[in-house]
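Chemist: Sequence:
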Amino acid sequence: MVKGQGSLFGPDAEEESEGVSKKRRSKKANDGSETAKPSRGSGGSRKTAEAMAKSQREISVSEFFTKNRHLLGFDNPRKALLTAVKEAVDNSLDACEEAGILPDLLVEIRQLQGYDDRYTVIVQDNGPGIVKAQVPNIFGKLLYGSKFHRLKQSRGQQGIGISAAGMYGQLTTGNPVRITSRTGKRAKAHYFEVRLNTSKNKPEFTDEERESDFDHGTRVEIDMQAEYRRGMRSVDEYLKQTAVSNPHVRLTWNDPNGNTIVYERGTDELPQETKEIKPHPHGIELGLLIKMLSDSNERTLHAFLQTEFSRVSAKVSHDICDIAKLSTRAHPKRIARAEADRLHAALGKVKIMAPPTNCIAPIGEAVLLAGLQKEIKADFYTASTRPPAVYRGNPFIIEAALAYGREGDTMEVTDEGKILTRKKAASHETELLGNADEAIRLVRFANRVPLQHQQSACAITKGVISVAWKNYMLSQPKGALPIGPMVLIVHIASVWVPFTSESKEAIASYPEILKELKLAVQECGRKLATHIRKGKRIATEYMKRDYIATYLPHIGLGLQEILGISDEVRDNDVAILTDVLERTRKV
814 MVKGQGSLFG PDAEEESEGV SKKRRSKKAN DGSETAKPSR GSGGSRKTAE
864 AMAKSQREIS VSEFFTKNRH LLGFDNPRKA LLTAVKEAVD NSLDACEEAG
914 ILPDLLVEIR QLQGYDDRYT VIVQDNGPGI VKAQVPNIFG KLLYGSKFHR
964 LKQSRGQQGI GISAAGMYGQ LTTGNPVRIT SRTGKRAKAH YFEVRLNTSK
1014 NKPEFTDEER ESDFDHGTRV EIDMQAEYRR GMRSVDEYLK QTAVSNPHVR
1064 LTWNDPNGNT IVYERGTDEL PQETKEIKPH PHGIELGLLI KMLSDSNERT
1114 LHAFLQTEFS RVSAKVSHDI CDIAKLSTRA HPKRIARAEA DRLHAALGKV
1164 KIMAPPTNCI APIGEAVLLA GLQKEIKADF YTASTRPPAV YRGNPFIIEA
1214 ALAYGREGDT MEVTDEGKIL TRKKAASHET ELLGNADEAI RLVRFANRVP
1264 LQHQQSACAI TKGVISVAWK NYMLSQPKGA LPIGPMVLIV HIASVWVPFT
1314 SESKEAIASY PEILKELKLA VQECGRKLAT HIRKGKRIAT EYMKRDYIAT
1364 YLPHIGLGLQ EILGISDEVR DNDVAILTDV LERTRKV
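Numbers given in my numbering equal positions in the sequence shown, counted from 1, plus 813.
It should be emphasised that the hints constitute simulated quantities derived from the structure, not laboratory data. The beta-carbon is built from N, C-alpha and C at its ideal position, and this holds for glycine as well. Do not take every clue at face value.
[What the hints assert, rightly or not] Only pairs whose alpha carbons sit at most 16 Å apart, straight line, appear in this in silico EDC-like list of lysine to aspartate or glutamate:
id	residue 1	residue 2
1	Lys1146	Glu1111
2	Lys945	Glu1021
3	Lys1001	Asp1020
4	Lys1340	Glu1178
5	Lys945	Glu1022
6	Lys998	Asp1026
7	Lys1053	Glu921
8	Lys1146	Glu1121
[As the list claims (entries may be wrong)] Simulated DEER-style distance windows between Cβ atoms:
id	residue 1	residue 2	range
9	Gly1100	Ser1126	22 to 30 Å
10	Asn1171	Ser1269	31 to 39 Å
11	Leu915	Asp1392	48 to 56 Å
12	Leu1083	Val944	20 to 28 Å
13	Lys945	Leu1083	21 to 29 Å
14	Ser1269	Ser1140	48 to 56 Å
15	Ile1378	Glu1178	54 to 62 Å
16	Pro1324	Asn1070	41 to 49 Å
17	Thr1065	Lys998	18 to 26 Å
18	Asn1070	Glu871	43 to 51 Å
19	Ser1126	Leu915	33 to 41 Å
Use the sequences and the hints to build the structure in full.
Modeler: Written as structure tokens, this is what we have:
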């Protein structure tokens, strides 16, 4: 700056600037020899690394889900009520089926006295019961269960559901979960009151022996803040759909208004018993493979491959080791990281049979149709089951079934060629069917469990929308479900259903799953198109025959005038002509 000229900010700014520069140079010199101290800003003192370390601690899984309960399906009071019922019913059905008992369930919701927004959820089953030592952990500890580590079809998977329902009830009402369980006629019933310690993810409980009015089974009672409504995505609809997908279940439903509905069994046969299988090599990931190698008790890699995986024979094991350039006599625990990487790559290169399918039990076409016919009086039914397929090494089966139109919509053609109208079904018998000018009702099931929420995010919905429904005589807006009076059921059965979240509301869109979904629905669509075309032909023919019925009497009168026949002969000739015309016209 030229001496004598004023600075931009005033005459003293230059001197002030020089003073600041001296301070900065002095600070830089000190930084080389002394430990830097935290500076004070406008927001107060800053924390050091040591201070921050003192505030860090382990987070309990219970604490995490307490703050993020929406991940488990407890977004709002109405949805929380449905989720609690669903988790309790799932556990009851799994227990009964594993014990070989035809399920007889009671589901009841009572409003707590003095509260408009609090209800008691009660679910009771006739299953094998729960041993005393396991009751607190099952209902008072998240991520505790018997189904997570096994590859076998079941409704529950994660060991979260029922304990999360109890946690939600405890958070919103402060009351514990109440459980009564009895394992047999000679055993006494045990009554528990269980609370979840969210800081430690451990149960706190009291228990006592009590008399019970059932020989064996479990009764669960949970008080919670909730909202009860009928209609779409309600407890009522969930239980009706459960009766359709599980026709072997007898279900008694007592709603808060004092109404009782009993869904009787449609069959006395239990679903096919499933077997647990080992992981398939094509679905294994590197990290899991390394863990399996370190945990194995086998002494050779050859034995490890045959024991720990399904569909790996002695020959396949040798082929895998040859491709990975590893000795069959290598010890699994001594396989290095690079060697494990080669082994993992080899597993994907060797041709191996698809996983066995005795680990999954589809509902079956006959049972699906029986369930639909029991709950819906429709005009047309059809079902389709795809052959087993595999995603990420996990076997799965897709089933589809549909009910179209109200009973009586399509006229009946007799063996004599006559067209007769049929009695129409009452409106209460076709509640699940949509209206003719509305989108079809899509009912999604995963391992026999109805999925109520996140329909648009689900692979099932995407697969159904991807079908060209105009080819099957239904109109379809772009990127939406088709229009028509139809309910479409799609079921995926798998040892591990790939849900998009812990709340188990939508299925992930794996390409293999989407492909099978589309093929199953298309097969039903072809049968539906045949039925609709036939119905239109019958309606057109009926209209033409109506013209015949209108004009034939006039022809009879003309013949009578020309030929001078009696009224009796005239009527007989008209009847003969009508019969001949109806017989000769093809429908």
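Chemist: Which numbered hints are broken by the structure, listed smallest first?
Modeler: none
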